[in-house]
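Since chain W is already given, all that's left is putting chains Y, R and Z on it; use the hints.
Residue numbers (this note's numbering), protein chains in the order written: chain W, 2 to 331; chain Y, 2 to 331; chain R, 2 to 331; chain Z, 2 to 331.
Don't read these hints as lab results, they were simulated from the structure.
Some hints here could point you the wrong way.
One copy or two, either will do: identical chains are not told apart, so a pair holds if it fits within one copy or between any two.
Claimed, not checked - Derived pair list, reagent style SDA-like, types lysine to any residue, alpha-carbon separation capped at 20 Å: (1) Lys246 to Asp200; (2) Lys62 to Ala51; (3) Lys94 to Thr302; (4) Lys140 to Asp265.
Number of protein chains: 4
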Amino acid sequence: MTVRFGLLGAGRIGKVHAKAVSANADAVLVAVADAFPEAANAIAKTYGCAVRTIEEIETSKDIDAVVICTPTDTHADLIERFARAGKAIFCEKPIDLDVDRVRACMKVVAETKGKLMVGFNRRFDPHFMAVRKAIDDGKIGDVEMVTITSRDPGAPPVDYIKRSGGIFRDMTIHDFDMARFLLGEEVVSVFATAAVLVDPEIGKAGDYDSVSVILQTKTGKQAIISNSRRATYGYDQRIEVHGSKGVVSAENQRPVSIEIANGDGYTRPPLHDFFMTRYTEAYANEIASFISAIEKGTAITPSGADGLAALTLADAAVTSVQEKKLIAVG
Amino acid sequence: MTVRFGLLGAGRIGKVHAKAVSANADAVLVAVADAFPEAANAIAKTYGCAVRTIEEIETSKDIDAVVICTPTDTHADLIERFARAGKAIFCEKPIDLDVDRVRACMKVVAETKGKLMVGFNRRFDPHFMAVRKAIDDGKIGDVEMVTITSRDPGAPPVDYIKRSGGIFRDMTIHDFDMARFLLGEEVVSVFATAAVLVDPEIGKAGDYDSVSVILQTKTGKQAIISNSRRATYGYDQRIEVHGSKGVVSAENQRPVSIEIANGDGYTRPPLHDFFMTRYTEAYANEIASFISAIEKGTAITPSGADGLAALTLADAAVTSVQEKKLIAVG
Amino acid sequence: MTVRFGLLGAGRIGKVHAKAVSANADAVLVAVADAFPEAANAIAKTYGCAVRTIEEIETSKDIDAVVICTPTDTHADLIERFARAGKAIFCEKPIDLDVDRVRACMKVVAETKGKLMVGFNRRFDPHFMAVRKAIDDGKIGDVEMVTITSRDPGAPPVDYIKRSGGIFRDMTIHDFDMARFLLGEEVVSVFATAAVLVDPEIGKAGDYDSVSVILQTKTGKQAIISNSRRATYGYDQRIEVHGSKGVVSAENQRPVSIEIANGDGYTRPPLHDFFMTRYTEAYANEIASFISAIEKGTAITPSGADGLAALTLADAAVTSVQEKKLIAVG
Amino acid sequence: MTVRFGLLGAGRIGKVHAKAVSANADAVLVAVADAFPEAANAIAKTYGCAVRTIEEIETSKDIDAVVICTPTDTHADLIERFARAGKAIFCEKPIDLDVDRVRACMKVVAETKGKLMVGFNRRFDPHFMAVRKAIDDGKIGDVEMVTITSRDPGAPPVDYIKRSGGIFRDMTIHDFDMARFLLGEEVVSVFATAAVLVDPEIGKAGDYDSVSVILQTKTGKQAIISNSRRATYGYDQRIEVHGSKGVVSAENQRPVSIEIANGDGYTRPPLHDFFMTRYTEAYANEIASFISAIEKGTAITPSGADGLAALTLADAAVTSVQEKKLIAVG
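Next comes chain W alone, as it looks inside the complex (with noise of 0.2 Å):
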């Protein structure tokens, strides 16, 4: 079987996600839609699909799934309006930046009985994939604490920012749903911290560029999440869990993995400092999984509830912020 695919918007993370459903072997990429017609014209030419408009492919015979790729208000829209038309919808964080939208939007899925993958991306990347592994393996024993490392190159336009929601729902949801994944509890509550520290901008625009998180499910397990908006050193993303029988790790990823010597030490070139080329394999892996599972009729995940939670985190996150306590959730 060959899972043919529409995808909605072009833009940057539309043309990952294009190179992922064309390079894969079970996929057909058969049509883009964009506002831009260029941006779907230059798709269009490199894997040779079609253009077509979002209704044209929602009306589609040809087409069995689309790829979600549009700016984030319209969002829950287009997964209601998709999974009425009976598509499989793959759709990037997040669903939508209020949970009451996405839980309207869930219900509509359910009704439909539509098939929905969030793109929680970093549960692909094969080393996070390896860690998690490693602990359904029963190498570490049961899980005790896990520390979550992200930082960004650097901060995204302030005028992305206002309209991202804040860096928990931008940014720290990525390690709310890595932490769900690797704790294998729900977490009960919620506290963080947050300060302006790397660019006063970002402070004016109402969000934090530098923030700490301490979450804990019902019987004790800890997660712990370290952000920043900046990394001089490159894209830092490293999780570790702790358990009763020992601990796993990832490290960071370098594009070129030498080392100089001399007088002045050991020095090893900085991380990837874009998350495209870090999560190359994790975009490829996150869309096979999508297709393997319409294939064979299984469970899609990350779920809509997956994205749900992740956000309650994240709201939980800013609350816990501006009233200075501990945010009971779930």
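What follows is chains Y, R and Z alone, placed relative to chain W:
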């Protein structure tokens, strides 16, 4: 000048300091006192010093300084007595488990213009000293986020735990001091979570074995501490300081640094499994710093005030866990 | 400009090049030829190209360049035919196992002003390229000592070994080329030792499985090569270049970079266990370099002369082992 | 039992051994002799021992063992005298630069049933000991290929080089011993190349500064040694042993193990820059092994025969370079 020492307490940590004093070219161990004659005699024999009572050491004219390694509940009294006797004092942490008692003790030290150093040995670990130096040298710019991972190879006996003041005052207190040492700014708020994940007996004793803490300073700098009373792979002691220009970290130490590779992968031996072998150099450096400050008449660090500050953070952490809320300090 | 390719040979390495050509935006795979129709058809189907005979490709006007992946004993003939046909030629190493045949072939290439690249893929590994760049950038000063460790996960079938020309011409030849690439000066003497330590069957086939080589240049620069046909921990591929100002090294690559620690120590997974996964990027970069040189009309490296030079060193190594003496070359 | 020591020679290495003897609970330093009274007095003062002449130590009834740290050309004579005097002897390498003189000396040791240990300190480095233990424990199966990288931070004064017997007898000799220690089988052939790449003055003194050696045993096991008199990044001392079941290696040691990361990459400090700080533990372990063998009456290793064997390999390496050929030994 040679600083002439009396050692109060000839137990496990007393032996460490006896060795450090004896090996130091600027010091001599003159006498040792201990309630158990065998313990005192053993040190006297090994290092060729006299056995005296505490009272005798108090009035000995051939003793300039004392190292207090007696049980915790005697520390404050002994500090006061030896401050009044005009001896320079090195006291193992903590001064006392009660902050009011510590304050009263420090008042005596101040009135007598006493010289008091508190035994936060980790400040003198060569690797952590190098981290501090990197910060002082401007290598990472302004400090923003400190991460401290501190896990013991195994829990102490439950009897010890009952007398210890609990994990925050006994174990995390080292990390509170390290956070202060690295942040370079006083902490204004403490949030802590705690759980019993390692041994239910610890819970029955009213304590925890797995804790996470977030500290924040006035300007928003943050420190995260992760503690566990268990680490199957050895004595896990890592610090990382993220700043505006970069990050500096100190990795774990292991007694043997070989690597064996085969079909199962690449394996390096476990870490040190005991704080005394891990911090051998730190103990020697610590005493050397004390001796140097006495000789030169310079300020002694860490001081009684540092001991009090760390204990205050520990108390705040206890309250934070009990009341499930953020605690303001300072 | 788009370079139009014909692929000669649709076996294991042919597939690698078919993929590299197809994924390259400046190239198109027009046709494939193979004695086994199934093999050719499989590639034709995957990449949407035609199946033609070698003769047809030789005269195809819509083909600018060929990739020769046929059995070794056909390489020299095919190079001569396609040089005469005016096609740019990428040929898998070696051109031939006999230096006289290689010289004759290169004469034809020279007479026809043919463009010939020899497939020493390792020069295009991003890590090894970065080592070369560090040298070019003056990071280590003058090159003095090169160390190459190259061990295969396991020995090839004895039947292959019999046809391979022996370990020096089949396996070490890559290291001879790498040594030349890094030394930046021609080798003037070769000394080699060899033994059968892995598999007696290899000895019965007249070959060795464990060899050590020292190369020296006119000015005294030295290269050491260590080879084994067995490495239980994966495909071991390391280089180190020591110079007057420092040292640069490229460490091994592993598919997953996690670490698990417990009472047995800290364990990382084994290395890649297959040259194709280890050198995926190298194969793509290699073809990209070939295409770029064709487009820009620049010199092609590594050239036929590089292939001849490496084979000459391999022959010298064989003689060195047989005669137990140092062999002068060049 | 306490072993009572006399120290012959109070220079740089004499001080190292004085410290090691004094710190050992089973030994006492009774007396020191040196042609320079100031040197002897300094050690006497530090460790509270007597100053005596060599003749006095020879006849001292309160001395069981001597450590010979005098100039190389006195070693053989002193060994013979103290063997006849019935003292256990620890002698710094080499016994002599001339193999005939060494053989004559060993004859005296044999006739007097003398106890002689030769100072190949590296065998007692905890990391190299762990490598040897891993081999003994069967972790890597049968040893096949040994790789030793040994580079000094800088060249010694040319005056020293003239008296040293040359790089092979002075520096590589440690690696010859290490190769024998790790191969577990006697070497039957030696090939060496050598060049002057670091300092022309070394060449004028008739020596080399950059050498590569291949050793081979009867069954085909191979050892490669790479030496340079210069390493800008510190004292480079690595060993790797490849076997039928795996590989074991000992990495370099550095005094401080922090890492600083910024836009230039990840940098760790340089290695130890001095053999005495690098091998501090080795010197202590070495003397402890000597003392233990005396106390228990067990065989002393490395013995005079080990010293002779390493010197024989050094001589063969010199001949190999001079005659540009493979030299058979043993």
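We went through each hint and held it up to the structure:
no.: 1; hint: Lys246 to Asp200; verdict: between (42 Å within a copy, 13 Å between copies)
no.: 2; hint: Lys62 to Ala51; verdict: within (14 Å within a copy, 31 Å between copies)
no.: 3; hint: Lys94 to Thr302; verdict: within (13 Å within a copy, 46 Å between copies)
no.: 4; hint: Lys140 to Asp265; verdict: between (39 Å within a copy, 12 Å between copies)
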